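Trainee: Sequence:
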Amino acid sequence: MLIGPRYKKARYLGAAVFRKTQTPKYSLRVQTKAKNTKRRGAKSEYGRQLLEKQKARYSYGISGGQFTNYVKSALKTTGDNAKNLLRILEGRLDNVVLRAGFALSRASARQMVNHGHIMVNDKIVNIPSYQVRIGDTLTIREGSKKKAIFSKLDDELKNIKAPAWISVNTEKKEIRVEGEPVTDMSELLFDVRAVLEFYTR
Numbered sequence: 001m002l003i004g005p006r007y008k009k010a011r012y013l014g015a016a017v018f019r020k021t022q023t024p025k026y027s028l029r030v031q032t033k034a035k036n037t038k039r040r041g042a043k044s045e046y047g048r049q050l051l052e053k054q055k056a057r058y059s060y061g062i063s064g065g066q067f068t069n070y071v072k073s074a075l076k077t078t079g080d081n082a083k084n085l086l087r088i089l090e091g092r093l094d095n096v097v098l099r100a101g102f103a104l105s106r107a108s109a110r111q112m113v114n115h116g117h118i119m120v121n122d123k124i125v126n127i128p129s130y131q132v133r134i135g136d137t138l139t140i141r142e143g144s145k146k147k148a149i150f151s152k153l154d155d156e157l158k159n160i161k162a163p164a165w166i167s168v169n170t171e172k173k174e175i176r177v178e179g180e181p182v183t184d185m186s187e188l189l190f191d192v193r194a195v196l197e198f199y200t201r
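Residue numbers (the UniProt record's numbering): 1 to 201.
Simulated from the structure, these hints should not be mistaken for laboratory data.
Here the structure is a predicted model, which means the values were calculated and not measured.
Misleading hints may appear alongside valid ones.
[Said to hold, decoys possible] Derived lysine-lysine pairs resembling DSBU-like cross-links, with alpha carbons at most 35 angstroms apart: (1) K152 with K173; (2) K146 with K72; (3) K83 with K172; (4) K43 with K83; (5) K158 with K123; (6) K83 with K72; (7) K161 with K147; (8) K173 with K161; (9) K145 with K173; (10) K152 with K123; (11) K123 with K147; (12) K158 with K146; (13) K161 with K146; (14) K146 with K173; (15) K152 with K172; (16) K146 with K172; (17) K152 with K83; (18) K76 with K146; (19) K173 with K83; (20) K123 with K145; (21) K158 with K145; (22) K123 with K83; (23) K158 with K173; (24) K147 with K173; (25) K152 with K72; (26) K43 with K123; (27) K123 with K161; (28) K76 with K161; (29) K123 with K72; (30) K147 with K172; (31) K72 with K43; (32) K172 with K161; (33) K145 with K76; (34) K76 with K147; (35) K43 with K76; (36) K158 with K147; (37) K146 with K123; (38) K145 with K172; (39) K145 with K161.
I would like the entire structure built from these sequences, with the hints used as guidance.
Mentor: Laid out in structure tokens, this is it:
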């Protein structure tokens, strides 16, 4: 996807769901455009829920069909449906690679997985949606360590702040899943409750 459409999509969603839109330059563009744009009418409750669903989907870079399947799975699982959904989304292999600081963007993390650069418990896994489990160890395939995509990894890992449920060994370039994915809902770019309401109308 071109950067232009990403800017346009992020403005429509009202959230910086792409890495290219998570910059001061983009924020300034949004503020300037908002001043020069007529105020739109208030969205209906359905419209608001639909917008939140789109924010969630784009935040994780997931297709509509796949996202719907995740929601259905979360609703069928006992417990807090919102936490169930976030656990699934955060437990994706490409997301763990991103959260651990091995990639700077979700697209880059997905590329690492798709190209077979990431191993789970010493086995190559090239499926971005693969769900990690507690105790899993993620490493870079030996033959991939000198690839350009990892050329700046040492510097990038110096400032990484991985979530508490994963640990990162910066020397070994190793990620370990220590617990179930936990997400602070206040830090999300979308309202997960509204997303679930959209599917349970």
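Trainee: Now, for every hint given, state plainly whether the structure supports it.
Mentor: Hints versus structure:
For the hint linking K152 to K173, the alpha-carbon distance of about 12 angstroms falls within 35 angstroms, and the restraint holds. Taking the CA atoms of K146 and K72, the gap is about 40 angstroms. The hint is violated against a cut of 35 angstroms. Distance hint between K83 and K172 is fulfilled; the C-alpha atoms sit about 31 angstroms from each other, no more than 35 angstroms. Restraint check for K43 and K83: satisfied, since their Cα atoms lie roughly 26 angstroms apart, inside the 35 angstroms limit.
Between K158 and K123 the alpha-carbon distance is near 27 angstroms, which keeps this suggested pair within the 35 angstroms criterion. For the hint pairing K83 with K72, the CA-to-CA distance comes to about 13 angstroms; that is within 35 angstroms, so the pair holds. At most 35 angstroms may separate the alpha-carbon atoms for a hinted pair to count; K161 and K147 meet this at roughly 24 angstroms. About 14 angstroms separates the Cα atoms of K173 and K161, which keeps this hinted pair within 35 angstroms; it holds.
With a C-alpha separation of about 9 angstroms, the suggested pairing of K145 with K173 holds against the 35 angstroms cut-off. Only pairs whose Cα atoms come within 35 angstroms are accepted, and K152 paired with K123 is accepted, the gap being roughly 24 angstroms. Between the alpha carbons of K123 and K147 the distance comes to roughly 19 angstroms, so the proposed pair stays at or under 35 angstroms and holds. Between K158 and K146 the alpha-carbon distance is near 18 angstroms, which keeps this suggested pair within the 35 angstroms criterion.
For the given pair, K161 sits about 24 angstroms from K146 by alpha-carbon distance, which is consistent with the 35 angstroms threshold. Of the pairs offered as hints, the one joining K146 and K173 holds, with about 13 angstroms between alpha carbons and a cut-off of 35 angstroms not exceeded. With a CA separation close to 15 angstroms, the supplied pair K152 and K172 stays within the 35 angstroms bound. Under the criterion of a C-alpha separation no larger than 35 angstroms, the hint pairing K146 with K172 is consistent with the structure, at around 14 angstroms.
With a C-alpha separation of about 34 angstroms, the suggested pairing of K152 with K83 holds against the 35 angstroms cut-off. For the hint pairing K76 with K146, the CA-to-CA distance comes to about 43 angstroms; that exceeds 35 angstroms, so the pair is violated. For the hint pairing K173 with K83, the CA-to-CA distance comes to about 29 angstroms; that is within 35 angstroms, so the pair holds. Between K123 and K145 the CA atoms are separated by roughly 15 angstroms; this keeps the pair inside 35 angstroms, and the hint holds.
For the hint linking K158 to K145, the alpha-carbon distance of about 17 angstroms falls within 35 angstroms, and the restraint holds. The hinted pair formed by K123 and K83 meets the criterion: a straight-line CA distance of about 29 angstroms does not exceed 35 angstroms. This hinted pair checks out: K158 and K173 have alpha carbons roughly 12 angstroms apart, not beyond 35 angstroms. Distance restraint check for K147 and K173: the Cα-Cα separation of roughly 14 angstroms lies within the 35 angstroms cut-off, and the hinted pair is therefore satisfied.
Distance restraint check for K152 and K72: the Cα-Cα separation of roughly 39 angstroms exceeds the 35 angstroms cut-off, and the hinted pair is therefore not satisfied. Restraint check: the Cα-Cα separation between K43 and K123 comes to about 48 angstroms, which exceeds 35 angstroms; the hinted pair is violated. Proximity of K123 to K161 is assessed by CA-CA distance (about 26 angstroms); at most 35 angstroms being required, the pair is judged to hold. Our distance criterion of 35 angstroms between C-alpha atoms is met by K76 and K161, whose separation comes to about 33 angstroms.
The straight-line distance between the Cα atoms of K123 and K72 is roughly 29 angstroms, inside the 35 angstroms bound, and the hint therefore holds. A C-alpha spacing of about 16 angstroms is found between K147 and K172, which places the hinted pair at or below 35 angstroms, so the restraint holds. A distance of roughly 25 angstroms separates the Cα atoms of K72 and K43; the hinted pair therefore holds under the 35 angstroms criterion. Straight-line distance between C-alpha atoms of K172 and K161 comes to about 17 angstroms, which keeps the hinted pair within the 35 angstroms bound.
This hinted pair does not check out: K145 and K76 have alpha carbons roughly 40 angstroms apart, beyond 35 angstroms. Our distance criterion of 35 angstroms between C-alpha atoms is broken by K76 and K147, whose separation comes to about 41 angstroms. For the hint pairing K43 with K76, the CA-to-CA distance comes to about 30 angstroms; that is within 35 angstroms, so the pair holds. The hinted pair formed by K158 and K147 meets the criterion: a straight-line CA distance of about 19 angstroms does not exceed 35 angstroms.
Simply put, K146 and K123 have alpha-carbon atoms about 19 angstroms apart, close enough for the 35 angstroms limit, and the pair holds. Distance check on the hinted pair: K145 and K172 sit about 11 angstroms apart at the alpha-carbon level, within 35 angstroms; holds. At most 35 angstroms may separate the alpha-carbon atoms for a hinted pair to count; K145 and K161 meet this at roughly 22 angstroms.
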